[in-house]
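**Student:** Respectively, the protein sequence lines represent chains A and B.
When the count follows the working numbering, it moves up by one through the first sequence with no breaks and lands on 809 for the last residue.
When the count follows the working numbering, it moves up by one through the second sequence with no breaks and lands on 100 for the last residue.
It is worth saying that the hints were derived from the structure and are not from the lab.
Hints are not guaranteed to be accurate.
Here's a subset of chain B near chain A, in silico, CB distances under 10 Å, partners left out [stated by the list, open to error]:
(1) G31
(2) A34
(3) L37
(4) F72
(5) V73
(6) V76
(7) E83
(8) A84
(9) A86
(10) L94
(11) L95
Taking lysine to any residue pairs in the SDA-like style, the calculated list, with each CA pair at most 25 Å apart, reads [as the list claims (entries may be wrong)]:
(12) B:K56 - A:I756
(13) A:K544 - B:S93
(14) B:K56 - A:K544
(15) A:K544 - B:L96
What follows is a set of in silico ranges between Cβ atoms, one per label pair, in the way DEER data are often shown [said to hold, decoys possible]:
(16) A:Q589 - B:G69: 49 to 57 Å
(17) B:G36 - A:T582: 49 to 57 Å
(18) A:D597 - B:G47: 33 to 41 Å
(19) B:M29 - A:D597: 33 to 41 Å
(20) A:N689 - B:A70: 26 to 34 Å
(21) A:V672 - B:M29: 49 to 57 Å
(22) B:L37 - A:V675: 33 to 41 Å
(23) B:G69 - A:V687: 31 to 39 Å
(24) B:S55 - A:F549: 28 to 36 Å
(25) B:S55 - A:G613: 30 to 38 Å
Beta carbons: idealized from backbone N, C-alpha and C, even for Gly.
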Amino acid sequence: MPFFAAGELVTVSIKAEPLFSIGPFTFTNSMVGALLASAVLLLVAWYFTRRSTLVPSRFQALLEFPIDWMTSIVRDSGGSRWRGFVTLILTFFLLILVANYLGLFPGVGTIGLVHHAETGDELVPFVRSAAADLNFTLGLAIVSFVTFIWWGIRVNGVGNYLKEFLGEPRYMAPLMAPIHVISELSRLISLSMRLFGNVFAGEVLLATMLALVPIAVPTVFIGLELIFGFVQALVFALLAMTYITLAIAEHAHHDEHESPHADLAASEGTGHTPPAAEAA
Amino acid sequence: MTGNLAAGLAMGLGAIGPGIGLGIAVSKAMEALGRNPEASGAIFVPYVLGIALAEAVAIYALVVSLLLIFVK
Chain A
530 MPFFAAGELV TVSIKAEPLF SIGPFTFTNS MVGALLASAV LLLVAWYFTR RSTLVPSRFQ
590 ALLEFPIDWM TSIVRDSGGS RWRGFVTLIL TFFLLILVAN YLGLFPGVGT IGLVHHAETG
650 DELVPFVRSA AADLNFTLGL AIVSFVTFIW WGIRVNGVGN YLKEFLGEPR YMAPLMAPIH
710 VISELSRLIS LSMRLFGNVF AGEVLLATML ALVPIAVPTV FIGLELIFGF VQALVFALLA
770 MTYITLAIAE HAHHDEHESP HADLAASEGT GHTPPAAEAA
Chain B
29 MTGNLAAGLA MGLGAIGPGI GLGIAVSKAM EALGRNPEAS GAIFVPYVLG IALAEAVAIY
89 ALVVSLLLIF VK
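Required output: the full structure, derived from the provided sequences and hints.
**Tutor:** Next up, the structure:
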């Protein structure tokens with residue numbers, strides 16, 4: 530099922546192409562992309578935790594910036610239990626960001642083997658942007674789905690969690706329960722489809738532009754994809770955070786979550802010297 | 029052929045609503061930023077979530093049109 534743009538061999542197929550298979554396990558090119566992204570993250574983390582200093586070097590500051598920034602967002606709007614899931618949100622953000630940016634490198638999606646099929650020649654690239662495969666995004670969405678259900682059960686208890694499905698006037702339960710189940714499941718679908726649709730549409734856009742005007746013009750769209758890659762990683766992480774926060778805050782502790790900036794204001798307050806201390 | 033036509037129609041018509049929604053969201057966010065530039069941090073997260081949810085509708089249209097093109 531190749532998508533043919535104007536030129537020859539500029540193909541983006543909707544599913545990842547298999548490279549080789551070991552027994553029943555088929556290895557696809559998007560798995561290479563996902564493993565490369567993980568390897569890059571692991572190597573950078575391993576290297577810079579060995580030689581990190583208290584006063585960061587310029588490159589270390591660059592690496593610390595997204596972590597600091599994302600952590601501050603989760604701290605400000607993740608409720609009082611933000612420490613419990615901040616690492617997961619950070620992992621989503623960094624993995625999707627690195628995977629999206631790896632997909633924009635030259636050679637990714639363009640270097641590969643040409644398969645001669647009856648329908649015509651077809652390029653099977655060695656590496657494919659990981660999020661341009663529904664399996665990757667659905668996997669991440671399932672992780673976030675399980676996490677927010679687990680947090681909802683852990684904080685509110687199984688009974689309260691199931692009561693939430695039945696709705697408030699109990700006689701409406703036969704109507705409300707399926708609606709709640711569907712709305713929970715639609716989060717799974719919309720999380721995975723949003724990331725997949727954006728990255729896949731980006732790949733098709735780049736391939737089409739490359740086939741139409743091979744010189745200079747695709748650069749503009751690469752810049753656009755740089756923005757989209759960042760925004761989609763941020764959106765996935767923020768939505769996962771919001772779903773977890775909602776699952777935690779659904780029943781109990783409404784007063785605690787109504788002002789998400791209460792703890793921020795408190796931490797700012799300690800920074801300044803209180804007037805009373807000055808007077809003393 | 030009709031599949032491609034349907035895909036184009038699905039994507040084009042499906043992009044109208046999210047386009048309007050995104051325009052409203054961005055204009056209101058810019059208005060809020062203009063009134064109160066210090067609130068940019070507080071505006072940012074709900075803003076990104078809002079545009080993501082508005083955009084999801086366009087992504088559904090994209091998925092439907094991709095299905096129409098690729099699944100015969």
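**Student:** Hey, does the V76 of chain B contact hint survive, CB to chain A under 10 Å?
**Tutor:** Check passed: Cβ of V76 of chain B comes within 6 Å of chain A, closer than 10 Å.
**Student:** That 49 to 57 Å hint for Q589 of chain A and G69 of chain B (C-beta), does it hold up?
**Tutor:** Since the Cβ atoms of Q589 of chain A and G69 of chain B sit about 24 Å apart, the hinted range of 49 to 57 Å is violated.
**Student:** Lying within 31 to 39 Å: is that true of the beta-carbon distance G69 of chain B to V687 of chain A?
**Tutor:** Distance hint for G69 of chain B, V687 of chain A holds at roughly 37 Å.
**Student:** Starting from the hint 49 to 57 Å, judge whether the C-beta atoms of V672 of chain A and M29 of chain B obey it.
**Tutor:** 41 Å, violated
**Student:** Taking the closest Cβ pair, is V73 of chain B under 10 Å from chain A?
**Tutor:** 5 Å, holds
**Student:** Does the closest beta carbon of chain A sit nearer than 10 Å to the beta carbon of F72 of chain B?
**Tutor:** 8 Å, holds
**Student:** Quick check on the hint: E83 of chain B CB to chain A CB, less than 10 Å?
**Tutor:** It holds, given that the least Cβ distance between E83 of chain B and chain A is near 7 Å, below 10 Å.
**Student:** Less than 10 Å between beta-carbons is the criterion; does L94 of chain B satisfy it with respect to chain A?
**Tutor:** 6 Å, holds
**Student:** Closer than 10 Å between Cβ atoms is the bar; does A86 of chain B clear it against chain A? Give me holds or violated.
**Tutor:** 8 Å, holds
**Student:** For the pair we were handed, K56 of chain B and I756 of chain A, check the Cα-Cα distance against 25 Å.
**Tutor:** 21 Å, holds
**Student:** Is 33 to 41 Å a correct range for the gap between the Cβ atoms of D597 of chain A and G47 of chain B?
**Tutor:** Hint holds: Cβ distance 34 Å, inside 33 to 41 Å.
**Student:** Could you see if the CB distance from L37 of chain B to V675 of chain A stays within 33 to 41 Å?
**Tutor:** Because 37 Å falls inside the window, the suggested range holds.
When held up to the earlier numbered hints, the structure conflicts with 1, 2, 3, 14, 16, 19, 21, 24 and fits the remainder.
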